[in-house]
Every structure is written in C-alpha cells, then in structure tokens.
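Chemist: Sequence:
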Amino acid sequence: MTITHLMTDEAVLAELGQRLARVRLSQGITQEQLADAAGVSKRTVQRLEDGTPAQLANLIRCLRALGRLDALEVMLPSDGPNPIDLLERRGHQRQRARPGVAEPAPAKPWTWGDEQ
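So the sequence shown is residues 5 to 120, counted in my numbering.
Derived by calculation from the structure, the hints in this document are not laboratory data.
Check before you lean on any hint, since a few could be wrong.
[Claimed, not checked] Below 25 Å or equal to it, Euclidean Cα-Cα: the simulated SDA-like pairs (lysine to any residue) are: (1) Lys112 to Ala101; (2) Lys46 to Ala18; (3) Lys46 to Thr34; (4) Lys112 to Asp89; (5) Lys46 to Asn62; (6) Lys46 to Val16; (7) Lys46 to Val27; (8) Lys46 to Asp89; (9) Lys46 to Arg72; (10) Lys46 to Ala61; (11) Lys112 to Arg100; (12) Lys46 to Gln22; (13) Lys112 to Met79; (14) Lys46 to Gly32; (15) Lys46 to Leu91; (16) Lys46 to Glu19; (17) Lys112 to Glu92; (18) Lys112 to Arg94; (19) Lys46 to Leu70; (20) Lys112 to Leu91; (21) Lys46 to Arg68; (22) Lys46 to Arg23; (23) Lys46 to Ile33; (24) Lys46 to Pro57; (25) Lys112 to Arg102; (26) Lys46 to Gly71; (27) Lys112 to Asn86; (28) Lys46 to Asp74; (29) Lys46 to Ser82.
[Claimed, not checked] Pair by pair, the computed Cβ-Cβ distance ranges are: (30) Ile64 to Pro103: 38 to 48 Å; (31) Gly43 to Ala75: 10 to 20 Å; (32) Asn86 to Gly32: 39 to 49 Å; (33) Asp54 to Leu76: 33 to 43 Å.
For every residue, glycine included, the Cβ atom is placed at its ideal position computed from N, Cα and C.
Could you put the whole structure together from the sequences, leaning on the hints where they help?
Modeler: If you want it as structure tokens, here you go:
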C-alpha cells in the first residue's frame with residue numbers, strides 16, 4: 005500500500021509496522037533476535053510492527069539492526085543547494101553571511117534660503 009496524505013496516523017503507523025515486519029521476515033530474523041540486535045525489548049518490536057505509537061529512536065534502532073537505516077535518507081533527504089543559488093554562486097560554497105546594505109544617512113534637510 006502506498007502511504008498518502010489521505011491516510012490517518014493510525015493507518016500510516018500500521019503500514020510502517022507491516023513493512024518493518026516484512027523486512028525482518030525476509031531476513032529470517034525473529035522479533036526477539038531483532039530486539040536483541042537493536043537493544044530494545046521484544047515488546048517494543050511487537051508494538052512497532054503492530055502499528056502502535058512508539059518512540060522514533062526505537063524505530064531508528066530497529067532499522068539500523070536490519071541494515072535499513074538508509075531508508076530514512078530516502079524518506080527525508082537532506083536539503084541540497086537550491087538551483088538558483090548554485091547558478092548565482094557558480095558552484096562555490098558560501099563561506100560567510102554578509103550583513104544587509106546599510107541605508108545611507110539622511111542628508112541635511114533642504115530649507116528655503118540655502119541655495120548658495
């Protein structure tokens with residue numbers, strides 16, 4: 005099933021749990037073995053696979069133990085440089101920020117009789 009914005013939080017958690025279970029089973033690992041490798045309890049693995057809300061850190065530990073932590077990079081890629089910025093900088097990385105241009109101090113106001 006594809007995860008979409010139309011799904012409830014519970015449905016998304018259930019789908020993620022099913023995917024985690026499929027990865028674990030495809031590697032021939034029991035819940036207890038995954039729990040030991042990830043440093044979490046077997047009940048935590050069960051909760052993750054059941055789609056019960058759990059701590060993100062526990063999901064990260066399980067993904068690392070399964071060798072699938074890179075899945076997070078696909079899910080939330082790091083921000084790369086914006087194409088316009090690349091063109092403006094011509095490929096150079098920005099080294100420091102420049103403060104905004106200061107407004108020039110207002111000149112002495114003109115008054116009648118100052119024409120000399």
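Chemist: For every hint, state whether the structure bears it out.
Modeler: Status of the hints after comparison with the structure:
no.	hint	in the structure
1	Lys112 to Ala101	violated, 33 Å
2	Lys46 to Ala18	holds, 18 Å
3	Lys46 to Thr34	holds, 10 Å
4	Lys112 to Asp89	violated, 40 Å
5	Lys46 to Asn62	holds, 11 Å
6	Lys46 to Val16	holds, 22 Å
7	Lys46 to Val27	holds, 16 Å
8	Lys46 to Asp89	violated, 48 Å
9	Lys46 to Arg72	holds, 19 Å
10	Lys46 to Ala61	holds, 15 Å
11	Lys112 to Arg100	violated, 35 Å
12	Lys46 to Gln22	holds, 16 Å
13	Lys112 to Met79	violated, 59 Å
14	Lys46 to Gly32	holds, 16 Å
15	Lys46 to Leu91	violated, 51 Å
16	Lys46 to Glu19	holds, 19 Å
17	Lys112 to Glu92	violated, 38 Å
18	Lys112 to Arg94	violated, 42 Å
19	Lys46 to Leu70	holds, 15 Å
20	Lys112 to Leu91	violated, 42 Å
21	Lys46 to Arg68	holds, 16 Å
22	Lys46 to Arg23	holds, 17 Å
23	Lys46 to Ile33	holds, 12 Å
24	Lys46 to Pro57	holds, 15 Å
25	Lys112 to Arg102	violated, 29 Å
26	Lys46 to Gly71	holds, 18 Å
27	Lys112 to Asn86	violated, 43 Å
28	Lys46 to Asp74	holds, 23 Å
29	Lys46 to Ser82	violated, 32 Å
30	Ile64 to Pro103: 38 to 48 Å	holds, 39 Å
31	Gly43 to Ala75: 10 to 20 Å	holds, 19 Å
32	Asn86 to Gly32: 39 to 49 Å	holds, 44 Å
33	Asp54 to Leu76: 33 to 43 Å	violated, 21 Å
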